[in-house]
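Number of protein chains: 2
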Amino acid sequence: MKKWVPAASGLLAGFLAATVFFADLSPAQRSEASNDTNKSNAEKVYVPFGEKDEYYLFASGGHSGQMFIYGVPSMRHIRTVPVFSKDSATGYGWDTHSKEMLGDYTWGDLHHPAFSEKDGDYDGKYMFATDVGNSRAALMNLETFTVKDIINVPNTSGPHCAAFVTSNTEYMFLPTRFAVPIGREYASLDEYSEKYRGVMSAVTFDDKKEKLNIAYQVALPPWSYDLSDAGKKVSADWAVMTTYNTEEATTNLEINASQADRDYIVLFNWKELEKMIKDGQYDEVTGQKMIFPEKHKGGIYLVPVAKSPHGVDVTPDGKRFIASGKLAPAMTVFSFEKAFEAIKKEDFAGERNGIPVLKYESVMEKEVNPENALGPLHTQFDEKGMAYTTMFISSEIVKWDPNTGETLDRVPVQYSPGHSVAAEGDTVDPDGKYLIALNKIAKDSYLSVGPSHPESMQLIDLSGKKMEVIQSSPVNPEPHYAQMIKADKIKTISVYPKDENNPDAVYSQDQTKIVRKGNEVHVYGIAMRSKFIFDAKVERPDQIEVNEGDKVVIHLTNIDFDQDITHGFAINGYDLNIEVQPGQTNTIEFTADKAGTFPIYCTNFCSALHQEMTGYFLVKPKK
Amino acid sequence: MKKWVPAASGLLAGFLAATVFFADLSPAQRSEASNDTNKSNAEKVYVPFGEKDEYYLFASGGHSGQMFIYGVPSMRHIRTVPVFSKDSATGYGWDTHSKEMLGDYTWGDLHHPAFSEKDGDYDGKYMFATDVGNSRAALMNLETFTVKDIINVPNTSGPHCAAFVTSNTEYMFLPTRFAVPIGREYASLDEYSEKYRGVMSAVTFDDKKEKLNIAYQVALPPWSYDLSDAGKKVSADWAVMTTYNTEEATTNLEINASQADRDYIVLFNWKELEKMIKDGQYDEVTGQKMIFPEKHKGGIYLVPVAKSPHGVDVTPDGKRFIASGKLAPAMTVFSFEKAFEAIKKEDFAGERNGIPVLKYESVMEKEVNPENALGPLHTQFDEKGMAYTTMFISSEIVKWDPNTGETLDRVPVQYSPGHSVAAEGDTVDPDGKYLIALNKIAKDSYLSVGPSHPESMQLIDLSGKKMEVIQSSPVNPEPHYAQMIKADKIKTISVYPKDENNPDAVYSQDQTKIVRKGNEVHVYGIAMRSKFIFDAKVERPDQIEVNEGDKVVIHLTNIDFDQDITHGFAINGYDLNIEVQPGQTNTIEFTADKAGTFPIYCTNFCSALHQEMTGYFLVKPKK
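Protein chains in written order, with full-length UniProt numbering: chain A, 1 to 623; chain B, 1 to 623.
These are calculated hints, taken from the structure and not from any lab test.
Wrong hints could be hidden among the right ones.
Below, in silico cross-link-like pairs of lysine-lysine (BS3-like), each with a Cα-Cα straight-line distance of 30 Å or less [what the hints assert, rightly or not]:
#1 A:Lys443 to B:Lys44
#2 A:Lys118 to A:Lys491
#3 A:Lys594 to B:Lys195
#4 A:Lys517 to A:Lys551
#5 A:Lys486 to A:Lys211
#6 B:Lys275 to B:Lys366
#7 B:Lys233 to A:Lys443
#8 B:Lys594 to A:Lys195
#9 B:Lys44 to A:Lys465
#10 B:Lys465 to A:Lys443
#11 B:Lys52 to A:Lys433
#12 A:Lys52 to B:Lys52
#13 B:Lys345 to B:Lys233
#14 A:Lys622 to A:Lys594
#15 A:Lys319 to A:Lys359
#16 A:Lys466 to A:Lys384
#17 B:Lys148 to A:Lys443
#18 A:Lys594 to A:Lys99
#19 B:Lys443 to A:Lys486
#20 A:Lys52 to B:Lys491
#21 B:Lys44 to A:Lys551
#22 B:Lys99 to A:Lys44
#23 A:Lys118 to A:Lys319
Sequences and hints are given; from them, build the entire structure.
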């Protein structure tokens, strides 16, 4: 086997050297290096008022817990949509529905977003996302850009990345980044190999109910599972996932998880796993249907790969998958056809933890080694099937041909790109045109905001002969992955339709009421330009009076059926805020635990008399 | 008195008509109207990699609770700095210091940001901000872009806007937006005029300790106090604030607070108030030194103004202040000199709530009435002292000359501008060049993100003969005000210096330790590329093991003294995340209330081996 992976210590020195090298360039030199036709670049990214961006970019917000929505090519940040963390701007985490979805958790670490697909193409209907911080998955509706469901993923610790979705959104596969004992029980790290497992979850989606569901789980070996991708076309029944720490080290992974020359790609056939579940080939563990590969045989294989890989990416034609050791100078092209052939022939190099291991040479098609390129992390594709790989250590994007292995172009980015995203890049039919490098380090690219800098996204024009960085955009921490979709695929609604069957909704002043039930006060109110009406029949319709200790439930309907007229509802000093979008009914529940006088006001500027859109919440003290 | 204020009902109809008018224009028409030289506009706003923006824009984040930092002219969003709401991306609200600062509150409504000043000019050292949601004030240090202090403002309900700061940052004045009973006790709205008050707080700032302090309060009448400004130069000892609801209505303010033709501007001499406090001319109420104007006479005056004014703005030369009824078609220019003269002569039109009322005619210099302009909210100034007023209802910026009253130029903005901000616009020495309209309504300006749209900021080039909108930028909810400062005035640090006197900090591996004290576990650890070391002396230095129920205190120091190398620290499943910026020591405290196995990981991508920067938090179950 060719020993092309240098020792980790040498690579770290190389990484540091590369960082210093770029840091030493003057701004002018870097500008010249990356961008010598400012004039045309300015035109390329400018979207004048009255025109719209061509693509939406959905970028994971990392430990912000949220999703960032951008327009491309302008790279303007249009909206942050709250997903796993509370967001006071939208009342997310305060209103009853979102509070229930978030449960006991106050934050998340949103890693990998994936659009729903039909026939391997983004259909623009839903977005899925995972939470590494508190092990959850979420579903976002793209008519409203709001989260509809969040599930906890048991036995899993950091579902780092879905296998994106399969070609018709049959499944989203959630591998675990960290191995933990099944049931998450306490177990000493001395018992790591025996008691810890790397559980992967197969999640399905009911689009009628807008609910996620765990169909089954697979108890893989106690390794770290990193990135993954679903097969396409000929490989549509399959998926691939990278692993690291197959050494099963329990401390100082920086050194100890880089000992073996090879880690593995997990290659599995989800149709076969589905059949195993149907046939009862699983154990019931912690309430989940769990496949133990050493016992329930079939459907799962290991492919050796250069150590510590990050991304694994299936080509648009579904024929190949590309992976790389992240400390390596090379990309490896694997062939699904060769893998299928080897599996058919049972051409295995033994087993690991009860899973058959395919021979590297039997599946590998070619190794691609651009000169001095270092740290390949992730690959995207254009309309011709050409590959674009981010090089974290040498800070560049390398364009190459997966058919020939030829390096076609290289462009420096600033600095240390983790992932990149191409227009419709994860579909069977990418658009080319644009690639965005998601850079981890900005250094002095932008005005300084203190010791912690923003991350940086750079927009690369793919339409010319040479790749060209045409815009650099700072971004809040921290995009780990993104998808870019044609703007016209997303069909939003502009107001919520009336729902006469909703018992909480009131659509006219005379329906408003405040109802007391024992120690509970239920308010059925409306928000409209420019007043609140909680009970139209009383002297002060914009006042709510309760007793200290009462449970208060406020249902509020925005009866301005008019695009962009959102109202907020806050009670000063009571630490709560919710929003009602046009036509929407929203609910907030809380206990009136502080006696006194608390003004109510609209938090979302709505009209010339917005400042007057107020009322009072009065809490009579206990005697 | 000239009756130039039409009835509110007519104005509302006008507002609606104006909205419909703009909504009916096609995108192309609007584009042509506002922007006929796209090519040059693209160039004007494009900042190529290697160059930097010319100005920082600090925009209030409204009910997001945070501050948004932008670069101008690129209008790129560089960073969201958390202030009044938790922010998981930076661990703000989880680490001990920020958690203590936020106290019991989980969100805020950040309205008005103000830079510290020296001689009436921004000095680039600090930023102040107020919270309308939970009545607080905050101090941000601009070396690090982090909040250093937050205070609760008692007796006040929604300190809507500081009087910005006085010319040498002697005071920030916080008027209340909503009147409440002093001490916030329960009182029926039937007793509004007797028991409710509109308390203003005078806040001082200790730059050595980086602490805010309430020097004294003033119990003004139970009105709503809206915007304010400090005097400059000749008026440097004075400040002005707008009021509305001087009708003292207690319900349906949309109608009832627009009954009287006039509300007031409160004009006060803070040097005189300071002297009154020194002389003991106050009552001690709820632990505060409180001036009751009806009893402690002097220093405060009322100036009649067109009803329901929003902004009041002092000209750069300090000679005039400009205010407008927000439902009116006119701006009124008032003269400080005339006001001083009238005060000297005691030329009053009686008193209101014990405060002398100046005669409108004695203080007013001129009324300026641009044809068909409606809804003047706020005025900024350029280097020649020319005024730029936002017209909420007619959706435009009007440029005019405060000396002559002449209208110089008008430009439509999309849509409904609340405030605007000019480069160094609140100083004695504005720059001109750029004005940014903070528009409340975006409608279809950007790719749709559902029924609730972003707000919109538009950059206006002031350098040509005509004002020109050169960029439109979506923004998260919701900028209410902003200040724009020359980039070179802000001097950030790039790493935190070593602090050998900090008992929580450790700077080398051999200093790391885990110390048990009864039921408390204290960890003194380090974060470095690419590992955590909590106790270097044990077998697994990146493991923390505790017993269920233990109190855990983790001090973590980032020993990568290298620009932009921030580490995160999260425990999967334990719902916590903090960050340590380069050189920084940070602390998190929590109770280990769940037994089991919980991976620790770095949340902020820091190196090629970031994925390996992990450990385990093991919690032994109670027997």
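A quick look at each hint next to the structure:
Distance hint between Lys443 of chain A and Lys44 of chain B is fulfilled; the C-alpha atoms sit about 24 Å from each other, no more than 30 Å. Pair hint Lys118 of chain A plus Lys491 of chain A holds up; C-alpha atoms about 16 Å apart against a cutoff of 30 Å. At most 30 Å may separate the alpha-carbon atoms for a hinted pair to count; Lys594 of chain A and Lys195 of chain B meet this at roughly 19 Å. The suggested pairing of Lys517 of chain A with Lys551 of chain A holds, with an alpha-carbon distance near 10 Å, which does not exceed 30 Å.
With a C-alpha separation of about 26 Å, the suggested pairing of Lys486 of chain A with Lys211 of chain A holds against the 30 Å cut-off. Between Lys275 of chain B and Lys366 of chain B the alpha-carbon distance is near 33 Å, which puts this suggested pair outside the 30 Å criterion. Taking the CA atoms of Lys233 of chain B and Lys443 of chain A, the gap is about 41 Å. The hint is violated against a cut of 30 Å. Note on Lys594 of chain B and Lys195 of chain A: the hinted pairing holds, with a Cα-Cα distance of about 19 Å set against a maximum of 30 Å.
Restraint check for Lys44 of chain B and Lys465 of chain A: the C-alpha separation of about 27 Å stays at or below 30 Å, so the hint holds. Only pairs whose Cα atoms come within 30 Å are accepted, and Lys465 of chain B paired with Lys443 of chain A is rejected, the gap being roughly 38 Å. With a C-alpha separation of about 27 Å, the suggested pair Lys52 of chain B and Lys433 of chain A falls inside the 30 Å cut-off, and the hint holds. Annotation: proposed proximity of Lys52 of chain A to Lys52 of chain B holds, straight-line Cα distance about 26 Å (limit 30 Å).
Restraint check for Lys345 of chain B and Lys233 of chain B: satisfied, since their Cα atoms lie roughly 22 Å apart, inside the 30 Å limit. Between Lys622 of chain A and Lys594 of chain A, the direct Cα distance comes to roughly 10 Å. Compliance with the 30 Å bound is thereby established for this hinted pair. At roughly 18 Å between alpha-carbon atoms, Lys319 of chain A and Lys359 of chain A fall within 30 Å of each other, so this suggested pair holds. For the proposed pair Lys466 of chain A and Lys384 of chain A, the alpha carbon gap of about 15 Å is at most 30 Å, so the pair holds.
Straight-line distance between C-alpha atoms of Lys148 of chain B and Lys443 of chain A comes to about 24 Å, which keeps the hinted pair within the 30 Å bound. For the proposed pair Lys594 of chain A and Lys99 of chain A, the alpha carbon gap of about 21 Å is at most 30 Å, so the pair holds. Restraint check for Lys443 of chain B and Lys486 of chain A: satisfied, since their Cα atoms lie roughly 20 Å apart, inside the 30 Å limit. With a C-alpha separation of about 37 Å, the suggested pair Lys52 of chain A and Lys491 of chain B falls outside the 30 Å cut-off, and the hint is violated.
A distance of roughly 56 Å separates the Cα atoms of Lys44 of chain B and Lys551 of chain A; the hinted pair therefore is violated under the 30 Å criterion. For the given pair, Lys99 of chain B sits about 45 Å from Lys44 of chain A by alpha-carbon distance, which is inconsistent with the 30 Å threshold. Between the alpha carbons of Lys118 of chain A and Lys319 of chain A the distance comes to roughly 19 Å, so the proposed pair stays at or under 30 Å and holds.
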